[in-house]
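J.: Sequence:
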Amino acid sequence: MSMKTHPAARVVDLEQAPMPAAPGMDRKARKAQSARAQKVRRLKQLIGGTAFLALLAAGWLYPLMGYFIPVCMVLGIGLAIFRGRSWCDWLCPRGSFEDALLARISPHRPIPQVFRAAPLRVGVLAFLMTVLTIQIIRLWPDPWAIGGFFILLLSITTVVGVALGLIFHQRTWCYICPIATMSNWVGKNQRPLLMTVERCTGCNLCARACPMQLSPVALKEQSSMAHRGDCLKCSLCVGNCPTAALTFQENHPDTQAA
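The sequence shown begins at 1317 in the numbering used here and counts up one residue at a time.
No lab work stands behind these hints: they were computed from the structure. This one's a predicted model, so the numbers in the text were calculated from it and none came from an experiment. Do not rely on the hints blindly, as some may be mistaken.
[What the hints assert, rightly or not] In silico BS3-like pairs for lysine-lysine, Cα to Cα no more than 25 Å straight-line:
1. 1536 <-> 1344
2. 1347 <-> 1549
3. 1549 <-> 1504
4. 1536 <-> 1549
5. 1360 <-> 1347
6. 1504 <-> 1536
7. 1549 <-> 1344
8. 1344 <-> 1355
9. 1347 <-> 1536
10. 1360 <-> 1549
11. 1355 <-> 1549
[To be verified] Now the in silico label distances, taken between C-beta atoms and shown as ranges:
12. 1358 <-> 1387: 18 to 28 Å
13. 1456 <-> 1387: 17 to 27 Å
14. 1363 <-> 1540: 30 to 40 Å
15. 1389 <-> 1482: 22 to 32 Å
16. 1347 <-> 1420: 23 to 33 Å
17. 1351 <-> 1429: 24 to 34 Å
18. 1358 <-> 1457: 39 to 49 Å
19. 1394 <-> 1370: 18 to 28 Å
20. 1390 <-> 1443: 18 to 28 Å
21. 1475 <-> 1514: 46 to 56 Å
The C-beta atom is built at its ideal place from N, Cα and C for all residues, glycine as well.
Given these sequences and hints, build the entire structure.
T.: Shown next as structure tokens:
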């Protein structure tokens, strides 16, 4: 079996699948389009981040507000099945808070590899899910008490996330967030990032733009990108690429065509 490639350029993605032709627009038009998209994204995150703080504060007065947490869990993981970690970009209230507000005071240091490693991520997931299960059983069937615990858990993890953001990078928590870990598992092969290698100049603007500190430029020399399942599909790397070398494949086939 042979893999078909674009006749004009060798194409590499995380699964070595073919890539459709790059958008036919000049550099100036791409830059303008990227600027508009980033402006809209920032506005959405500002609204989402402000709403997150309001919901968190309201939850201490009205504990039933805490039930928006399991709703976010279901929506985030459900969307990941089809779109990867798209939820974590701006749909996640805490993710929006981190990028829109926490980023303003974060030192933007490199995220330590320990937070990206499976042992810590699985450990945090197992610990928090165990605590959550035990508390729900203990507090059942009082909906106010359970909602209050959701708010308490959200508050504690948010404090941890803010602390990590002030020490390292605003999105550090997004590597050990339980929803993120599960979304990574179920959605890492959805909408893979593609590169036309001959267009890449190695300028590294894609890596500088990535909120998760991933390195799409690695696709120039390798057939894979480390931690590809943690890509938020935010398209900042695509928009910042001056040569249109990057794009996302919307429908990633399970098997390659002969």
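J.: It remains to establish, for every hint, whether it holds in the given structure.
T.: How the hints compare with the structure:
For the given pair, residue 1536 sits about 24 Å from residue 1344 by alpha-carbon distance, which is consistent with the 25 Å threshold. For the proposed pair residue 1347 and residue 1549, the alpha carbon gap of about 18 Å is at most 25 Å, so the pair holds. At roughly 11 Å between alpha-carbon atoms, residue 1549 and residue 1504 fall within 25 Å of each other, so this suggested pair holds. This hinted pair checks out: residue 1536 and residue 1549 have alpha carbons roughly 19 Å apart, not beyond 25 Å.
Restraint check for residue 1360 and residue 1347: the C-alpha separation of about 20 Å stays at or below 25 Å, so the hint holds. The suggested pairing of residue 1504 with residue 1536 holds, with an alpha-carbon distance near 20 Å, which does not exceed 25 Å. Among the hinted pairs, residue 1549 with residue 1344 is consistent with the structure: their alpha-carbon atoms are about 23 Å apart, no more than 25 Å. Taken as a hint, the residue 1344 and residue 1355 pair is honoured in the structure, with Cα atoms around 17 Å apart against an allowance of 25 Å.
A hinted pair counts as satisfied when its Cα atoms are at most 25 Å apart, and residue 1347 with residue 1536 qualifies at roughly 22 Å. Of the pairs offered as hints, the one joining residue 1360 and residue 1549 holds, with about 15 Å between alpha carbons and a cut-off of 25 Å not exceeded. Of the pairs offered as hints, the one joining residue 1355 and residue 1549 holds, with about 16 Å between alpha carbons and a cut-off of 25 Å not exceeded. In this structure, residue 1358 and residue 1387 meet the distance hint of 18 to 28 Å, their C-beta atoms being roughly 25 Å apart.
Evaluation of the 17 to 27 Å hint for residue 1456 and residue 1387 yields a pass: the beta carbon distance comes to about 19 Å. For residue 1363 and residue 1540, the Cβ-Cβ distance of about 35 Å falls inside the hinted range of 30 to 40 Å, so the restraint holds. In this structure the supplied range 22 to 32 Å holds for residue 1389 paired with residue 1482, their Cβ-Cβ distance being about 26 Å. Distance hint check: the CB atoms of residue 1347 and residue 1420 are about 24 Å apart, consistent with the given range 23 to 33 Å.
A C-beta distance of roughly 33 Å is found between residue 1351 and residue 1429, which places it inside the suggested range of 24 to 34 Å. Here the CB-CB span from residue 1358 to residue 1457 is close to 42 Å, well matched to the stated 39 to 49 Å. The given range of 18 to 28 Å is respected by residue 1394 and residue 1370, whose C-beta atoms sit roughly 25 Å from each other. Checked against the given bound of 18 to 28 Å, the beta carbons of residue 1390 and residue 1443, roughly 20 Å apart, stay inside it.
A hinted range of 46 to 56 Å for the beta carbons of residue 1475 and residue 1514 is consistent with their spacing of about 47 Å.
Going through the hint list in order, the structure satisfies each hint without exception.
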